[in-house]
Amino acid sequence: MPNASLLLEIRDLHVGFRIFEGHLRVLAGVTLWVAEGERVGLVGETGCGKTTTVKSVLRVLPIPPAIVTSGEILYRGRDVLRMHRRALHVLRREELTAIFQDPLQSLNPVFTVGSQLRDIVRDSMRTPEGRVLSRREIEARCIQALEETGMPDPERIMSNYPIQLSGGMRQRVCIAEALSTTARLLLADEPTTNLDVTIQDQILRKLDRLVDQKGSSVLMITHSMGVVRDLTQRIYIMYAGSIVETGPTRQLLASPKHPYTQGLMASVPRLTGRGVSEGIPGRIPNYLEPPPGCRFHPRCPHRMPECSVEAPPMSDVGADQRAACYLYRRSPS
Amino acid sequence: MAKYIGLRLLQSVFVLFGLSLLIFFIARVVPGDPARQALGLLASQEQVERVREQMHLNDSFPVQYYYWLRSLLHGDLGVSSYTRRSVASDLAQYIPATLELILFATLISFVVGQVTGVLAGYFRNSWFDGVSRLVSYLGIATPSFVVAILLLFVFSQVLKLAPGIGRIPIMMQPPPVRTGFMMVDGLLAGRLDVTVTALKHLLLPAFSLAVIHIAQEGRITRTSIVETMQKDYITLHKVHGIRTSRILFKYLLRPSIIPTVTVMGLDFAFLMSNAFLVETVYMWPGFSRYAMTAMLNKDLNAIVAVVLVIGITFALVNLIVDIIIMFLDPTVRLRQGGA
Ligand SMILES: Nc1ncnc2c1ncn2[C@@H]1O[C@H](COP(=O)(O)OP(=O)(O)OP(=O)(O)O)[C@@H](O)[C@H]1O
Ligand code: SF4
Ligand SMILES: [Mg+2]
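Chains as they are written, first to last, in this note's numbering: chain A, 57 to 389; chain B, 259 to 597.
Bear in mind the hints are in silico, worked out from the structure with no lab data behind them.
Note that the Cβ used here is the ideal one computed from N, Cα and C, for glycine as well.
It cannot be assumed that every hint is accurate.
[Unchecked claim] Okay, derived cross-link-like pairs now, DSSO-like style, lysine-lysine, Cα gap no bigger than 30 Å in a straight line: (1) K458(B) / K261(B); (2) K508(B) / K496(B); (3) K489(B) / K508(B); (4) K496(B) / K262(A); (5) K270(A) / K489(B); (6) K270(A) / K418(B); (7) K496(B) / K458(B); (8) K489(B) / K262(A).
[To be verified] Covered stretches of chain B, as calculated for chain A (at least 3 residues, CB under 8 Å): (9) 480 to 493; (10) 496 to 508.
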């Protein structure tokens, strides 16, 4: 429930992409929030719009082709979508941080790790008295940030170029960059998808501890049920551009109510991250002409006539658990 | 890294060797009898025979090539049938004049092209982008000699803001020739007035040559900035709070400038032989004009030298471009240099 300590609130966000073939209606009313100190998971199969959601919050969608057609994004009550350049810059510098999906694309290839890390610390960190950090302090902070991610030999890594590092090392650098400063909300977009399973686990645990120490809030995007189960308190399930179900993580995973979530659970190979959509017949819809009404209806085993008329509203389906589905329309509240 | 540069040098030598074979073929094999060519139709058979002997024309082609290359390396390029001077001293005079001009043109196109390219790319679809696009198209579509005539007319004739033709005024006593670069020679002779005047004379022709390259290189940089801006790493630099100016002129510029550098090198080498119309408009005693005159007058020795100079320029410029790119792009450096 939204309350006073709300950090991030996305209300009914609609985002599309104008491409040559037409208008891709990707996000169709995403509503979610993250409270102060909370860890929230966002789960959904590939192409459902998770990255688009994160980039909207950071205001880094490529415009054009992207367009935000309606909705609101509030950070501590302030409207991010209407913020001016200056305020936006301060918001990113002081409040938000992110880790992106692909560690190969996340580091500038023509500068050393040290150069990038130092500039982040130099431009966004101040001493408690508001003074700019000295050279030595910057250096020390960078080394420390790398050490915290479990990176061996951070001094040497600082002088390396990204191509000299393995995928796992690069992702550690990305985590170090994201956590080198004192941001309050971490948007982690599948921080370990491209790594092998043992390293995934290691890095996530490290990330988990770091976030704990700093007391940051996290919006963790993943298609791995194992990851959300271990690392988040609350979860949102996303399908084709909207949230279909939300609730406390363990409770929701134990008793999923939305037909999509149920299919998802049935198909999840225990704890390994991959293959979310395998058990559900059909594919994610074409965003040029998304199915009317509930976007899941072409694949839904419980579909009813009204499902293809209008999108279903959220209904309570348990303690703090809600699903957007006509099956629960008359559920007692 | 040294290994990589060494390797590229070796490659250049190889290319030049190939070029020398080609030129040898043009100079010695194609014309039929170079001795007769050199002496003219009126010379007697004995005279021709004597010269044939001197020029080693009775030996096999490999032996001929050896002697030809040896004299070439000693700077003996023969006599120009048109200027009646040794080709080597012609080149010594004309090459620096053109180099001074096109180096300056390249500098102008680099600075102006990059700044407009970066700004147009970063402020994509702004009024600045629109205006710079329009001006670029005009610049690309207008031949450089038209620009040259227009600039000469407007700035020299009408506004009297710039001097007219030539490298320095005819009345001015030129400094002793040391490097052939008027500005440098002026400095070396302690004649600052010459250097300043020479610079003023350079402005219009250099700008005339630069216009099309400003336009092209600016466009290339803009495209590449727009492309780089979509990259996750630039997005993350913003998200992590790095200052905008730092992103613009450090993190965005360096990866974006790499494609432009290659084009810039080619543009420079191209100007070496293609500045002749502008050189003609400004009565610039340059290499391009010399090359054109040589072609028009079937001045064989001069043509051989011109082709050689252009070949060497391309080889050198390519080498320099590769080295610059190696410094800009660690991916190339690390891959080629073996750490
Ligand atoms: N720059 C773009 N131009 C056009 N369409 C885009 C663009 N970015 C995203 N899309 C569209 O938006 C849809 C959702 O993309 P998004 O990257 O948000 O998905 P995702 O949930 O992050 O998927 P994944 O798990 O594969 O990362 C894609 O199917 C794609 O069609
Ligand atoms: S609303 Fe209808 S189609 Fe959509 S999930 Fe519920 S039952 Fe299935
Ligand atoms: Mg994604």
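Tell me if the straight-line CA distance from K270(A) to K489(B) falls inside 30 Å. holds (29 Å)
So if I understand the rule, the pair passes when the alpha-carbon distance is 30 Å or less; does K508(B) with K496(B) pass? holds (13 Å)
Take the C-alpha atoms of K496(B) and K262(A), compute the straight-line distance between them, and say whether it is at most 30 Å. holds (25 Å)
When I compare C-beta atoms, does the stretch 496 to 508 of chain B have three or more residues closer than 8 Å to chain A? Check passed, 9 qualifying residues.
Sort out whether K262(A) lies within 30 Å of K489(B), counting only the CA atoms. With Cα atoms ~27 Å apart, K489(B) and K262(A) stay inside 30 Å; holds.
Hint check: K496(B) vs K458(B), CA-CA at most 30 Å. Holds or violated? violated (43 Å)
K458(B) and K261(B): Cα distance at most 30 Å? violated (42 Å)
Between the stretch 480 to 493 of chain B and chain A, see if three or more residues pass the 8 Å beta-carbon test, and mark the coverage as holds or violated. With 6 residues close enough to chain A, the hint holds.
Between K489(B) and K508(B), does the CA-CA distance stay at or below 30 Å? holds (15 Å)
Are K270(A) and K418(B) close enough, with their CA atoms no more than 30 Å apart? violated (69 Å)
In the structure shown, a violation is registered for the earlier hints numbered 1, 6 and 7, in ascending order.
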